[in-house]
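Asks: Below are the chains, spelled out letter by letter.
Number of protein chains: 2
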Amino acid sequence: MLLIEEEAKELLEKYGIITVKGYVCESEEKAIGIAKEIGFPVVMKVHGIVHKSDVGGVILDIRNEEEVKNAFRKLIKIEGAKGVNVQPMISGIELIIGSADNEQFGSYIIFGLGGIFTEILRDISLRLVPISRRDAEDMIREIRGYKILEGYRGIKANVEAIVELLLKVSELVEKEEIVEMDLNPVFANEKGCFVADARILIGKKRIFDFEKREISFFFNPKSVAVIGASRSIGKPGNNIVWNLKKYGFKENIYPVNPNAREIHGFKCYPSIKDVPEDVDVAIIAVPAKIVPEIMKDCADKGVKGVVVVSSGFSEEGEKGAIFEREMLKIAKSSGILIFGPNTTGVMNTETGFITSFAPLRSVKMGNISIVAQTGLFLGVMMESIASNEPGIGFSKLIGMGNKIDVQDHEVLEYLLRDEKTKVVGMYIEGFRNGRAFFQVARNSSKPIVVFKSGRSEYGKKAAMSHTASIGGNDEIFDSLCKQANLIRVFSFDELLNITKALSMQPLPLGDKVAVIHYTGSGCVQSADAVNFSGLKLANLSKMTKERIRDVTPEWHAINNPLDIWPMVEYHGMEKPYEVAIDAMLRDENVDSLVVVLWSSVLWKSYVPDFGELRNFVKPVYFVAEGPREEVYALKMEYETNGFPLYPNAIAAIEVLGKVTNFAMRYDRRRS
Amino acid sequence: MLLIEEEAKELLEKYGIITVKGYVCESEEKAIGIAKEIGFPVVMKVHGIVHKSDVGGVILDIRNEEEVKNAFRKLIKIEGAKGVNVQPMISGIELIIGSADNEQFGSYIIFGLGGIFTEILRDISLRLVPISRRDAEDMIREIRGYKILEGYRGIKANVEAIVELLLKVSELVEKEEIVEMDLNPVFANEKGCFVADARILIGKKRIFDFEKREISFFFNPKSVAVIGASRSIGKPGNNIVWNLKKYGFKENIYPVNPNAREIHGFKCYPSIKDVPEDVDVAIIAVPAKIVPEIMKDCADKGVKGVVVVSSGFSEEGEKGAIFEREMLKIAKSSGILIFGPNTTGVMNTETGFITSFAPLRSVKMGNISIVAQTGLFLGVMMESIASNEPGIGFSKLIGMGNKIDVQDHEVLEYLLRDEKTKVVGMYIEGFRNGRAFFQVARNSSKPIVVFKSGRSEYGKKAAMSHTASIGGNDEIFDSLCKQANLIRVFSFDELLNITKALSMQPLPLGDKVAVIHYTGSGCVQSADAVNFSGLKLANLSKMTKERIRDVTPEWHAINNPLDIWPMVEYHGMEKPYEVAIDAMLRDENVDSLVVVLWSSVLWKSYVPDFGELRNFVKPVYFVAEGPREEVYALKMEYETNGFPLYPNAIAAIEVLGKVTNFAMRYDRRRS
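Respectively, the protein sequence lines represent chains F and Z. Under the numbering used here, the letters of the first sequence match residues 340 to 1010, in that order. Under the numbering used here, the letters of the second sequence match residues 340 to 1010, in that order.
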């Protein structure tokens, strides 16, 4: 049901929102009388029509009786006109506030400046309902045109009044059955905010029920069956058993294969129903069309959960989707939980439990957990990560596949409770229940780093044909990240770079960074990177400079970024780095430190006393440049000691920028 | 001299620019008469004052006699008022067109929408004068608010008229001695553009004289002296001689050292003046304070050019700057050219001529030339590049240092003429003569990739203290890149990634790309990357799809990006890649191709017949993911065969995006 202006305004007023009173007039005479009463200039609008602007039904800045007459005659002729509405003309900055109900995320509100700013420049901000005061403040400051609100050519808004208005709108949308709303225009001036026109669509809002089921047994099963286990080396069904053995999974392993006696030393069973003990988790690696049948066996056996690594389901069309629906039906009726299908599944580095069919070289144990909606995650991708980033340690690794049953928010909920997980990294293409994800994510006390693809129309189309998930509106997702303080990244490299820093180093307490570089041009590039990453260059204290002065040739200036080369020329590598790092970390003006090293044929690179560095409890990120193998060795040494090492200063500073932004919002949210 | 409105308009009219005629009135009566004559609404402005808006001296939308009276009384009271100017009120979109004279780049013009758009949102475009028609079109389309010009709420501009206006303004600024100009506001409507107010500052424009001297002898000297050559292994003065020997420089090498007999087998001389033959180039590696004296010796000897690798000059303060001025004075009077100081100097891989004091492992010969304003370029940085990018081959490598004499534009001019150079990469912190650089760069028929730092205030400050060069206005530099079709990058990694592609592969003829990936999620990420890189996904022809169908399981969809995994599962790695690559390259709808490979414990990666691929003369970029060493080996194999290989699809597509943008502008410019 669509509320027209007057009805909409009535509802708004109930929530304490101030609207501009209009007077509906049926005659010129009445319009003139009203206009004189409320005082020129006035606004006149056609009455009884919703989209008034589109039919030329709004006339502004009417200054005298003559103009009222002309306006009335013009407006009353519009088809559907039931009179003419005369309102005072409020001077102020034009705003638009709207709401809508998104299929994946539910209700959200948008904010922007009027007309061109919203319609052409799309300079809007957006948040899911309900919003906090902080969210409202962010929404206002986020738009490019924010400065206009602070005052331009003598007109100025009361920003606090806009915050209040946004909070009231959020409450209204939350409490009422509103599926769409346009407050447009709203006039903001120094006295407050005034809704001049409004359109509200009443209807049933989407409901986002969701479960948070216990999934921890997937990572610590007491027993596992591998259905589709194979004797042929190199086959997926063989690799799974091989991986379980290699990673030292200590609980019972039951390969299921009617044609084999044993695989990798484990006794085989013709069917899961023949397994003598209870089975917690079954890994299913048989062709898609047989999976429903296998699911029935699992139900009979009382299996708690299955990881379906096979592909050929909904990602490949309607035929596969049928198998999916069948298996899900069996799962629902028997209480089995499903990971996948179309996934490499899960890995827990502590217990050595792994469901992947790709042979994996060693994965290091650590405190990072990753959730990824990609088929080959526990395969080529982990091979690449493990060999290129030897210092990164993982706790839980989770490939989500088509996620027909277990959802992102359930996995996230589990990881946020998991004591072994310090940082969560997520790769997401689309959600089945975005609102649930938001609700779990926004209550996180751990950092969550998210790489979301399917952002563009091209990407959404590709995602549809691949995991049948809807990419969703990227603008909403981006706002969600700000609202829930998620760290959004745009590649797997960035995801790893940032999770690594969060895994190894403490959070900074502020945004002031010091940089040590071995070239002048590196200092210039670093200074740019600090600026564009939203950080500030720390002003080094007098004492810091004095301490560094001891190892600096008299003609060389001590700045931040610090060009350490002339110092190294005089004193060798060791001393200048040691003194500068120590002095900077002791400096109260320095919240974090980036140190750029090099190695070469001539120079063996500097290695600090890592224990001492850790005592400062300030983040220190290192960078090393030079020949490939030397740098790799250095990276190994630093990272196994808990200090991340990046390939160049720009990359390190960009990571620090995102981490700092997270940390500063994190602190504020908790305080 | 500042021209006030009426004088400025007169000058504009001389260049065919249409201005809004105003009538200066000394009395209310005259103002009313004029207003009636030209018709309401009118605009009234105070006469005789320059910054009228700032003092409330402009009143718009005056609709009747009463309002004329009130306006007149208000305006005439303003201090300095010499009357009131009455003008017709033009309906249209408000524009601002301005010009200024930059200390590094000279005259430029800016374009933007009026008021808030320019003043608060800074939504402007900018080009150096003179502009071409193409530049004018770009300026207009570049602003975010461009759509407003195409029509919004019934008002629409004549874009062609704006193009004409910009061209006339450019001509005016070029021909007249104008140092600053504001045409504000200009009204654009369907009939044309009308300058409603103007302010022009007449004065002496900056002059940008520059030389383009012959510097080719620096890369092919017939003889070289190393002044400050040292017997101590590891010392800079030793490394220089060692490098010359190692890289097989065939001409005469004369180490100069009064205390040594020979170094690395070359006979030493006490002074350059003792060298029996003519010396083309002297490499100077002695302390800064002795350099002026050495320069005198070089002048006496008739040396053509010197490369000063020592540091301790203007980059370290006034004391060093004195040495610089002294040496430059000697150079100017004796005709010696100087590279540096504070640089590793130059290298020519063809002749093995090298001036660097850093021992360098092998640098591969090729067609890329790099110019870098960084001290350690032919040192740690090349070590890093040569070992990480074994497939990249270089022709000339040039460290610029403090560039007190030989300038960027001279080096660029040389490289653009150099037959061995196909692509130029440049790292720049600041210019001594930015206009000269622009003039040389814009006439290039070779791609130029530029990484410019010192972009932010922080960065500019760091650059000042480091090479004493002024970073300049980044907005102007960015526009310069568009105008001269330079490929702007933001890191050395990006510089290498792009020069590599340009070095190895042909330019694409269009922006339609096909992608092959081995995972569904890689397809999604690639599709996003195509979109955000300004490319389009090619629509594969029916024939292409049919050909690929032969190696595709019947249930798998053939899309672009193509998920090749299901095909590989059925047919192995070789055939699907071969068929898909061939089919796509034959497809007329495909301008370029990105192929993502993987290697793992199980799979040896696909390697094509490179000769066949080259026959298509379409760019093909490869990507390989997987374990570090396997990927490195693959990279070696692909790149030595002329096909660049990147670490992930996003990186490869971003490179292709910038290359394609260059190629498409390049073609248009030539046609």
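The hints are simulated quantities; they were obtained by calculation from the structure and are not laboratory data. One or more hints might be untrue.
Where chains are identical, the list cannot tell them apart; a pair therefore holds if satisfied intra-copy or between any two copies.
[Said to hold, decoys possible] Below 30 Å or equal to it, Euclidean Cα-Cα: the simulated DSSO-like pairs (lysine-lysine) are:
1. K413 with K530
2. K375 with K413
3. K943 with K703
4. K640 with K914
5. K658 with K881
6. K530 with K759
7. K495 with K408
8. K884 with K800
9. K943 with K585
10. K800 with K360
11. K671 with K612
12. K800 with K881
13. K589 with K761
14. K658 with K884
15. K375 with K408
16. K643 with K612
All figures in this text were calculated on a predicted structure; none of them were measured in a lab.
Asks: Classify it for me, K658 with K881: is the Cα-Cα distance of at most 30 Å met within a copy, between copies, both or neither?
Replies: Only across copies: K658 and K881 sit 24 Å apart there, 72 Å inside one copy, limit 30 Å.
Asks: First find the shortest C-alpha distance between K495 and K408 inside one copy, then the shortest across copies, and answer within, between, both or neither for a cut-off of 30 Å.
Replies: between (32 Å within a copy, 29 Å between copies)
Asks: Check K589 against K761 for me: Cα-Cα at most 30 Å, and say if that holds within a copy, between copies, both or neither.
Replies: within (25 Å within a copy, 60 Å between copies)
Asks: With 30 Å as the alpha-carbon cut-off, assign the pair K800 and K881 to within, between, both or neither.
Replies: So K800 and K881 pass the 30 Å test across copies only (19 Å; inside, 58 Å).
Asks: Between copies, within a copy, both or neither: which fits K530 and K759 at Cα up to 30 Å?
Replies: neither (53 Å within a copy, 70 Å between copies)
Asks: At most 30 Å between C-alpha atoms: does K800 with K360 qualify within a copy, between copies, both, or neither?
Replies: neither (47 Å within a copy, 56 Å between copies)
Asks: How do K643 and K612 come out at 30 Å by Cα distance, when the copy is not named: within, between, both, or neither?
Replies: Classified as within; 14 Å inside a copy, 90 Å across copies.
Asks: Under a CA distance limit of 30 Å, which applies to K671 and K612: within one copy, between copies, both, or neither?
Replies: This pair counts as within: shortest intra-copy Cα distance 20 Å, inter-copy 94 Å.
Asks: Quick one: K943 to K703, C-alpha cut-off 30 Å, is that within a copy, between copies, both, or neither?
Replies: both (27 Å within a copy, 25 Å between copies)
Asks: For the identical chains here, do K884 and K800 meet the 30 Å Cα criterion within one copy, between copies, both, or neither?
Replies: Close across copies (18 Å), not inside one copy (56 Å); limit 30 Å.
Asks: State whether the alpha carbon distance between K413 and K530 is at most 30 Å within one copy, between copies, both, or neither.
Replies: For K413 and K530, only the inter-copy Cα distance (27 Å) is at most 30 Å; the intra-copy one is 33 Å.
Asks: Checking an output row: K375 and K408, CA cutoff 30 Å. Within, between, both or neither?
Replies: For K375 and K408, the Cα distance is within 30 Å both inside one copy (12 Å) and across copies (22 Å).
Of the numbered hints listed earlier, those contradicted by the structure are 4, 6, 10.
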